[in-house]
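First to last, the sequence lines map onto chains A and B.
Okay, so the first sequence: first residue is 1 according to the numbering used here, each after it adds one.
Okay, so the second sequence: first residue is 1 according to the numbering used here, each after it adds one.
The hints are simulated quantities; they were obtained by calculation from the structure and are not laboratory data.
Just so it is clear, CB atoms sit at the ideal spot from N, CA and C, and this is done for glycine as well.
Fair warning: there could be bad hints in the mix.
Stated by the list, open to error - List time: in silico BS3-like cross-link candidates among lysine-lysine, alpha-carbon distance up to 30 Å:
#1 A:K5 with B:K19
#2 B:K19 with B:K52
#3 B:K9 with B:K40
#4 B:K36 with B:K71
#5 A:K71 with B:K36
#6 A:K71 with B:K40
#7 A:K15 with B:K67
#8 B:K52 with A:K57
#9 B:K22 with B:K71
As the list claims (entries may be wrong) - Between beta-carbon pairs, the in silico distance windows are:
#10 A:K15 with B:E53: 45 to 51 Å
#11 B:S20 with A:N22: 37 to 43 Å
#12 B:N79 with A:K58: 45 to 51 Å
#13 B:L112 with A:D53: 25 to 31 Å
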Amino acid sequence: QQQVKQSPQSLIVQKGGISIINCAYENTAFDYFPWYQQFPGKGPALLIAIRPDVSEKKEGRFTISFNKSAKQFSLHIMDSQPGDSATYFCAAKEETSGSRLTFGEGTQLTVNP
Amino acid sequence: DTAVSQTPKYLVTQMGNDKSIKCEQNLGHDTMYWYKQDSKKFLKIMFSYNNKELIINETVPNRFSPKSPDKAHLNLHINSLELGDSAVYFCASSLSGPDTQYFGPGTRLTVL
Chain A
1 QQQVKQSPQS LIVQKGGISI INCAYENTAF DYFPWYQQFP GKGPALLIAI RPDVSEKKEG
61 RFTISFNKSA KQFSLHIMDS QPGDSATYFC AAKEETSGSR LTFGEGTQLT VNP
Chain B
1 DTAVSQTPKY LVTQMGNDKS IKCEQNLGHD TMYWYKQDSK KFLKIMFSYN NKELIINETV
61 PNRFSPKSPD KAHLNLHINS LELGDSAVYF CASSLSGPDT QYFGPGTRLT VL
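Let the hints inform the model, and build the full structure from the sequences given.
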């Protein structure tokens, strides 16, 4: 059972455009929602994360929007650049599960110059 | 300064062989993990150790056996390798309180 569903599977955006990746979760006990970025041949790296007590978190060009009632959260990349081309994973964790992260299926983002 | 390192980076072997992947972290973390990333890039946790104690053991064949000699190391031994074991295996580490997991560069395992 996939507890975190991510869409789209792939996304192509022009340079300067906005990239939007969406995730939906089922487990209402999840209380930490990170996004990881993975470049080819590298391990995933934490990009930005949010807790459900806020509806939005922004770091530079990257923003997480969180909708607790809809059990959805999304990553927005403003002014997308070719260097942003990577695979993006949303994830979720509940404190009682210890350190277990449940990942979404991943989104392959391509930013064309 | 390498935070989480894995060896080897590539591993090509025949079906039925036994192989090991090593992982080391120099971040002072107390929790370490093994993930499997399949050809569709789906990341799934396999094991987690906290202070050398197994705390997460997903539904993984018994052929996979993690070993943690100390808090800074978590090795993965795989017996009787099968074609379906071909994947990229990632080691990661974190502190048990804070949430950020730091991933290693991955080991691409190819079973022929």
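Evaluated hints:
As the CA atoms of K5 (chain A) and K19 (chain B) are separated by approximately 33 Å, the hinted pair breaks the 30 Å bound. A threshold of 30 Å between alpha carbons decides the hint, and for K19 (chain B) with K52 (chain B) the separation of about 21 Å falls inside it, so the pair holds. A distance of roughly 19 Å separates the Cα atoms of K9 (chain B) and K40 (chain B); the hinted pair therefore holds under the 30 Å criterion. Simply put, K36 (chain B) and K71 (chain B) have alpha-carbon atoms about 21 Å apart, close enough for the 30 Å limit, and the pair holds.
Of the supplied pair hints, the one linking K71 (chain A) and K36 (chain B) holds, its CA atoms being roughly 27 Å apart against a limit of 30 Å. Distance hint between K71 (chain A) and K40 (chain B) is fulfilled; the C-alpha atoms sit about 25 Å from each other, no more than 30 Å. Under the criterion of a C-alpha separation no larger than 30 Å, the hint pairing K15 (chain A) with K67 (chain B) is inconsistent with the structure, at around 46 Å. For the hint pairing K52 (chain B) with K57 (chain A), the CA-to-CA distance comes to about 35 Å; that exceeds 30 Å, so the pair is violated.
For a cut-off of 30 Å, the pair hint linking K22 (chain B) to K71 (chain B) stands: about 13 Å separates their Cα positions. Distance hint for K15 (chain A) and E53 (chain B): a CB-CB separation of about 48 Å, consistent with the stated range 45 to 51 Å. A C-beta distance of roughly 39 Å is found between S20 (chain B) and N22 (chain A), which places it inside the suggested range of 37 to 43 Å. At roughly 48 Å, the beta carbons of N79 (chain B) and K58 (chain A) sit within the given window of 45 to 51 Å.
For L112 (chain B) paired with D53 (chain A), a C-beta distance near 50 Å fails the hint of 25 to 31 Å.
Of the numbered hints stated above, those contradicted by the structure are hints 1, 7, 8 and 13, listed in ascending order.
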